[in-house]
Amino acid sequence: MRSVRGIGQARAAVFFAVLAMLPAFNLAHWVLNMLVFTLMYAVMASAWNLLGGFAGYPSLGHAAFFGVGAYAVTLWFQHHGIHSGYEPFFLLPVIGIGAAIVGLPIAAIAMRTRSDVFAIVTITLLFVAQTLAFNLRSITGGAQGASIAIPPFSAATFERPFYDVLLVLLAVAMGLTWASMRSKVGLSLAAVRADEDKAAGIGVRVQAVKLLAFCVSVGLTAMVGAVWAYYVGFIYPQFAIDPLITIAIVLMTFLGGRATLWGPVIGAFILELAQQYFAYSLGGSQYYLIAYALVFLVVMLLMPRGIVPSIQERLRHRRRRRVVDAPTSTGGAAQPVRAEAASMTRRPFTPVPYAEGDRA
Amino acid sequence: MTTALLEVANVSRRFGSVRALQDASLTVERNSITALIGPNGSGKTTMFNVITGYLPADSGTIRFDGHDVTRAKPAILYRRGLSRTFQQARVFGHLTVQENLVVAGGFSVAQLFGRRVGRQDRERAAALLVEFRLSHVADLYASELSYGQRKLLEFAAVLMSQPKLVMLDEPTAGVNPVMIETMEQHIRQLHASGITFLIVEHDMNFVMRLCDPVVVLDQGHEIFTGAPDAVQSNPAVLDAYLGA
Ligand SMILES: Nc1ncnc2c1ncn2[C@@H]1O[C@H](COP(=O)(O)OP(=O)(O)O)[C@@H](O)[C@H]1O
Ligand SMILES: [Mg+2]
Numbered sequence: 036m037r038s039v040r041g042i043g044q045a046r047a048a049v050f051f052a053v054l055a056m057l058p059a060f061n062l063a064h065w066v067l068n069m070l071v072f073t074l075m076y077a078v079m080a081s082a083w084n085l086l087g088g089f090a091g092y093p094s095l096g097h098a099a100f101f102g103v104g105a106y107a108v109t110l111w112f113q114h115h116g117i118h119s120g121y122e123p124f125f126l127l128p129v130i131g132i133g134a135a136i137v138g139l140p141i142a143a144i145a146m147r148t149r150s151d152v153f154a155i156v157t158i159t160l161l162f163v164a165q166t167l168a169f170n171l172r173s174i175t176g177g178a179q180g181a182s183i184a185i186p187p188f189s190a191a192t193f194e195r196p197f198y199d200v201l202l203v204l205l206a207v208a209m210g211l212t213w214a215s216m217r218s219k220v221g222l223s224l225a226a227v228r229a230d231e232d233k234a235a236g237i238g239v240r241v242q243a244v245k246l247l248a249f250c251v252s253v254g255l256t257a258m259v260g261a262v263w264a265y266y267v268g269f270i271y272p273q274f275a276i277d278p279l280i281t282i283a284i285v286l287m288t289f290l291g292g293r294a295t296l297w298g299p300v301i302g303a304f305i306l307e308l309a310q311q312y313f314a315y316s317l318g319g320s321q322y323y324l325i326a327y328a329l330v331f332l333v334v335m336l337l338m339p340r341g342i343v344p345s346i347q348e349r350l351r352h353r354r355r356r357r358v359v360d361a362p363t364s365t366g367g368a369a370q371p372v373r374a375e376a377a378s379m380t381r382r383p384f385t386p387v388p389y390a391e392g393d394r395a
Numbered sequence: 158m159t160t161a162l163l164e165v166a167n168v169s170r171r172f173g174s175v176r177a178l179q180d181a182s183l184t185v186e187r188n189s190i191t192a193l194i195g196p197n198g199s200g201k202t203t204m205f206n207v208i209t210g211y212l213p214a215d216s217g218t219i220r221f222d223g224h225d226v227t228r229a230k231p232a233i234l235y236r237r238g239l240s241r242t243f244q245q246a247r248v249f250g251h252l253t254v255q256e257n258l259v260v261a262g263g264f265s266v267a268q269l270f271g272r273r274v275g276r277q278d279r280e281r282a283a284a285l286l287v288e289f290r291l292s293h294v295a296d297l298y299a300s301e302l303s304y305g306q307r308k309l310l311e312f313a314a315v316l317m318s319q320p321k322l323v324m325l326d327e328p329t330a331g332v333n334p335v336m337i338e339t340m341e342q343h344i345r346q347l348h349a350s351g352i353t354f355l356i357v358e359h360d361m362n363f364v365m366r367l368c369d370p371v372v373v374l375d376q377g378h379e380i381f382t383g384a385p386d387a388v389q390s391n392p393a394v395l396d397a398y399l400g401a
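Protein chains in written order, with our numbering: chain A, 36 to 395; chain B, 158 to 401.
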């Protein structure tokens, strides 16, 4: 068990070390720009996974909170000067917590519904937010958009601060996911996802973990929205609160595997890089969207539950077969080996999170 | 403390044109093992669902431990000390057997941030796993268990907290005879330690050995309440099972 956990930590350490060193290789601006967007999506998919994956509440309204973060940072610095380029980043925790607080009453109401109804309720929220952004002209500038001060970073390394901050946010999102999986929060969420009514009847703190998952999830999403607004410098309602953002993070999470630590991150890296690559290589035409859809469809046909759960399942089968085949003497000795092997294959992820028929 | 632990009074519930419960009443005295029997479709499971807040009653009142719980949700009833199992065992298939027990441990919101399965949890679960002969499958997913093992697991999970009343819906269906005996022993032990039971059961031998009193439901209405040996000779009961 210990060694398995060690492998998981080593994997994470290598992953973040490589990402942290990447910009040192003098990558072209367009590559760094692509990585910045990939990291944004990796954070958002991880955040969405807390709610849509672990809790089993498929929100389609996350782009509304992305917009909340984007407008929050923009409006704040319309009224306060930026003294140093890093100042907006220090505001991120406030924006995250603020969005979580805004999300609390919304969660309390929306989470009275489940599955498809919940999805509809949350996408309605998205359109309400977009309509507000268009129409509250005195605050948001309406369709004219709103601008934020240009970051005083040198043009040569313009992307670096954004890249670094997003890498930290990814570490936070994955760290929170990992912590929840190892705590009774994750255990309770797994019960809620499988059978919420049963869970309530055996004393699981259903309401507490549901609200927690929602608030953390939207808080992280709002922080990404704030970084995005500062990065692009000028925001319009249709881009700050964009259903396509929601769809992208949902697809990424499905592709990589819901309710796993690495699934959303892998999904984001595959789909966002594929989209950027095809958009670049297939030029201005819209054909890249078809290529993008093909990547998604092929993977989902081969691995309907997503990449990470499918791989885990295969490993698990192989290990179990090895245990069963192992030449152990009869009786007592065989059992602990088998149990230990099962527990090893189980960590550090929780595969098979969805019942049959729950695949979209 | 002279009132009964559970008092169901004149409860009705219909599904469309099906009257699953019609003006049904039922009392469970403290520290009894009450049986609820009746032909298939007589409303036993519906009665359970209405009592435990999984279905609202159309009319009637339910009192548990001195409180009106007619409209209470399952979470509230759990907190008041009422736990149940389901006829089709409901366990969490993608949690391990051990985790299925731990998650039923009744922890506070603060404890949510503790380890997923801590040492104490493991110890509490281990005792039950041994007794129900589930130790060797403790780390398998519950979805990998046989039907009978799932029923045992669901029953064991109920015992992870300290309920006042345990309601079992056909606990022995699909369970092998050795395990039925284990279950029976458990019920006796827990009963001796002050826990009350309400059990829906088809196995009349099981009922005769264990339960007193017996309530008979027919077409959503109780037609008999009394000692187990009086049940089998009661004409109304015989009529319900054999006639019509
Ligand atoms: N959720 C439901 N929807 C529709 N009809 C139901 C439902 N639950 C039970 N019934 C009907 O109510 C009657 C009583 O069912 P039930 O309470 O399950 O009986 P028992 O447990 O005694 O076999 C049956 O006719 C059954 O078909
Ligand atoms: Mg029934």
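Rather than coming from a laboratory, the hints here were simulated on the basis of the structure. Please note that the accuracy of each hint is not assured.
Some chain A residues near chain B, calculated using beta-carbon distances under 10 Å [said to hold, decoys possible]:
1. Gly43
2. Ala45
3. Arg46
4. Ala47
5. Asp151
6. Asp199
7. Leu222
8. Ser223
9. Arg228
10. Ala328
11. Ser345
Listed next, the stretches of chain B that the computed footprint assigns to chain A, with coverage defined by at least 3 CB atoms under 8 Å from CB atoms of chain A [what the hints assert, rightly or not]:
12. 179 to 191
13. 239 to 247
14. 250 to 263
15. 327 to 336
Here a beta-carbon is modelled for each residue, glycine too, at the ideal position from N, C-alpha and C.
A quick look at each hint next to the structure:
no., hint, verdict
1, Gly43, "violated, 14 Å"
2, Ala45, "violated, 21 Å"
3, Arg46, "violated, 20 Å"
4, Ala47, "violated, 18 Å"
5, Asp151, "violated, 21 Å"
6, Asp199, "violated, 29 Å"
7, Leu222, "holds, 5 Å"
8, Ser223, "holds, 6 Å"
9, Arg228, "holds, 8 Å"
10, Ala328, "violated, 30 Å"
11, Ser345, "violated, 15 Å"
12, 179 to 191, "violated (count 0)"
13, 239 to 247, "holds (count 4)"
14, 250 to 263, "holds (count 10)"
15, 327 to 336, "violated (count 0)"
Violated hints for the displayed structure, listed by number in ascending order: 1, 2, 3, 4, 5, 6, 10, 11, 12, 15.
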